[in-house]
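J.: We have chain Z; now place chain E onto it with these hints.
Number of protein chains: 2
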Amino acid sequence: MPDRIRHSGFAALRCSADEATAHIRPGDTVAMSGFTGAGYPKAVPGALAARMEAAHGAGEDFRVRVLTGASTAPELDGALARVEGMELRLPYQSDPTLRERINAGRLEYIDIHLSHVAQHAWFGYFGPIDVALVEVSQIREDGLLVPSSSVGNNKTWLDLADRVILEVNRWQPAALEGMHDVYYGTALPPNRKPIPLLHPDDRIGETTLRVDPAKVVAVVETDAPDRNSPFAPPDDDSRAIAGHLIEFLRHEIARGRLTPQLLPLQSGVGNIANAVLEGLADGGFRDLTAYTEVIQDGMLGLLRGGVLRMASATSFSLSPKGIDAFNSEVDFYRERIVLRPQEISNHPELIRRLGCIAMNGMIESDIYGHVNSTHIAGSRMMNGIGGSGDFARNGYLSVFMSPSTAKNGAISSIVPMASHVDHTEHDTMIIVTEQGLADLRGLSPKQRARTIIANCAHPSYRPMLEDYFERACRESYGLHTPHLLGEALSWHRRFVETGSMRP
Amino acid sequence: MPDRIRHSGFAALRCSADEATAHIRPGDTVAMSGFTGAGYPKAVPGALAARMEAAHGAGEDFRVRVLTGASTAPELDGALARVEGMELRLPYQSDPTLRERINAGRLEYIDIHLSHVAQHAWFGYFGPIDVALVEVSQIREDGLLVPSSSVGNNKTWLDLADRVILEVNRWQPAALEGMHDVYYGTALPPNRKPIPLLHPDDRIGETTLRVDPAKVVAVVETDAPDRNSPFAPPDDDSRAIAGHLIEFLRHEIARGRLTPQLLPLQSGVGNIANAVLEGLADGGFRDLTAYTEVIQDGMLGLLRGGVLRMASATSFSLSPKGIDAFNSEVDFYRERIVLRPQEISNHPELIRRLGCIAMNGMIESDIYGHVNSTHIAGSRMMNGIGGSGDFARNGYLSVFMSPSTAKNGAISSIVPMASHVDHTEHDTMIIVTEQGLADLRGLSPKQRARTIIANCAHPSYRPMLEDYFERACRESYGLHTPHLLGEALSWHRRFVETGSMRP
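Note that the protein sequences, when read in sequence, are chains Z and E.
Residue numbers in the first sequence follow this note's numbering, run continuously in steps of one, and reach 503 at the last position.
Residue numbers in the second sequence follow this note's numbering, run continuously in steps of one, and reach 1006 at the last position.
Hints listed in this document are in silico derivations from the structure and should not be mistaken for laboratory results.
Even glycine gets a Cβ: it sits at the ideal position worked out from N, Cα and C.
Incorrect hints may appear among the rest.
Label-pair distances were calculated between CB atoms; the ranges are [unchecked claim]:
| hint | chain 1 | residue 1 | chain 2 | residue 2 | range |
| --- | --- | --- | --- | --- | --- |
| 1 | E | 990 | Z | 470 | 50 to 56 angstroms |
| 2 | Z | 497 | E | 944 | 35 to 41 angstroms |
| 3 | Z | 502 | E | 609 | 57 to 63 angstroms |
| 4 | E | 957 | Z | 27 | 20 to 26 angstroms |
This is chain Z alone, in the form it adopts within the complex (with noise of 0.2 angstroms):
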């Protein structure tokens, strides 16, 4: 028997991906593993992708529907969007094939919060669950199954499918035993309970997943890395703003709002948060906690220097070197780090009960701080709104940031009208950009207004805002939230037609 797989009865159902394919029909939910590009299954989609490609070139139709935790990986969403495989996909999701096939209308995309995912499969929103296709580290002797490099909505899935394949990647370290924590005490309601958590490092369930071996009817080996790719160092952009994020936390620290522990920090994904978590660090912040989705690079080495106590997460988004340095000192990030459901990772109940601070990217706020994560002019979709919304609405500081302008100054990313929003001005309380930051707490449309436009605006953009607001609030049907309807979309509409948000 394999040593990643130690169940008999398992080893029996071993396969290949492509025999593992024959139990995908066509118009089946498929719901699969993976989490930023992290414990998705290798193997059985590129099968899944070339059997649709031949059943397409005889003229069938072969498409399914697709439920993940959140991105996957070229293997994935790249492989089934190229032969346009998929009917549906939700959640987030970050491929450039399946991004264009989305913005093409080629398919259906439902973007959602990642807290909502499990519990909307569970209300039966989605159909039926026809197949689950997950990747696991391991296979052990009493059945129970070791989680992969994410947890993700495993759980959910294997409990719901009716069929179940599983792959077992063995490149996956065997370490990973023993990380993860999956709580089994969710209900539907009415009868939810309390989820027991009080503290980020609590452990309330299961180190492994269970899944009924009747269920099951394909096993497959595989031996093959994650997607992740290394991490661009922080530009001076990203190390601005983090540079006045972590001046304002200092702030709050001043003023007996924060402790210099600070409150658990969830964090996104790229160059600025990295720019964050290494600004903590440069400043002397120790034994912070995070309660965040994603594992990245920077946090092993807050964690190796005590910067960061521990860190609970959904899934690991590690480059290779980040991967060499987790297997060199595994018992030491075990005991630091747990990998939790995506339910619980961003559940609202767990994010207002931690007092979390939320900090995220955005594609644009506009001056009344309504932010859009999500949509390019309004209508293009970029990867989702992910768990933004989840911290943001129920977190202690909902934090977002980004660049002020992008494409060498041709889109400004504060404007006088999202053009697509997602956290709306009830949920969102501080902006930055590399120009500044504004603290919006406790500030009317107005107010708000002026302090984005003051600090956090480019200024090769400021004065174009400065008019548009001024002529609004003498002009507007309303004087709340002025705002001139002929003009307040006029900036997408230039970029869309030019090129550029510039008259």
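T.: Relative to the frame of chain Z, chain E by itself:
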């Protein structure tokens, strides 16, 4: 000692409303009781307004910052707005004079989720609370306060304020004692614990409010009714909307997604909400529960008839007839009604745990299901978001309802793009007009658009919406959420310029 002030220390602080205003200074932050026209202070605000008017006449500035539970009445919001006595007001309001002042840009108004108000005050986001001005129904021998007809944020105001002015209103039924449930287990992060409420009827707190006697500076006796005016009987549109919603609920029961007892109902205030409640009664529903903000007349009848088993709220909003009904059977209702602080009635943790069915009105929905609850034509404030976001984001179902047109057809409540977004596509599941119901669960944006246009739009606007959507599907920059940026807000612009959205 008066029978409603049975504590000698408090009795000694009795004074006139005019005398009490001496404890309120220009620039103070005054946190007042009041929620949906119930339990607001009746005397001191008017006396304060008179003092302000005199000061303004003498060329002095005298304005205060006013925080409440939600909407109050002409004696409070109206009186202070009339004399331009508020520099800031939050959260929800519905007074015509105040609304006029807000939309003339004469004061700062902050619209905020009702579940956020208390915690943002505790976090210090509104600065220090100088004065709490709170109506109660009795002061007990032990110095504890029996709340009035609403609880709202009173616990927080009494805890945080430097000085406390109490109004003891003998008009409020003495029999209110015992109906309230004031939870004193809240804390600030990182010390928060699960809130131990598992069912809508659980009592987890105390029946009285605590106050530090050393902070109480004045006690004013009043004998004045709450604002509440009679509700108009449901009209045809409201009954049609209710009919569609109840048909939908029956369908959910038939599919096994809801039991005949449904899940705890949250229901907004007004005509449509009353029609839904009536419809549930007529439809033979029994043993339902409500976990909501406001107890309206309709709910008393439902409790009496066994349609509702119990109702949890933070406020009464009864007509004079409803008050008579309540007073004549207080013992019956006391066992079936719980009034809680609004941080508990609207708490995300509890709404998600209980799985509330959230039913709220709206101003408009766009074809993609972004809902505007607050602004006419994107700029003019109506009342505020209230608790609709708390319930819509966290409930089992989120329903938004409106007649398909307003102002004799000059306004369509289904528009190409919402002119202001309070509830994003991520938070809206069901849209209902008298035309029909759109079930958006599990639908992508374009599927949502087709459903909303077909099921909810008024026939006189439907072709225009179809035309917009079809052209957007051909010409939009991105085809995920197709929009024509030059036209997206043109309906609102036309309304502002011509008084009608029709061309």
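J.: Determine for every hint whether it applies to the structure shown.
T.: Verification of the supplied hints:
no.	hint	result
1	E:990 / Z:470: 50 to 56 angstroms	26 angstroms, violated
2	Z:497 / E:944: 35 to 41 angstroms	36 angstroms, holds
3	Z:502 / E:609: 57 to 63 angstroms	35 angstroms, violated
4	E:957 / Z:27: 20 to 26 angstroms	24 angstroms, holds
Of the numbered hints given earlier, the model fails hints 1 and 3; all others are met.
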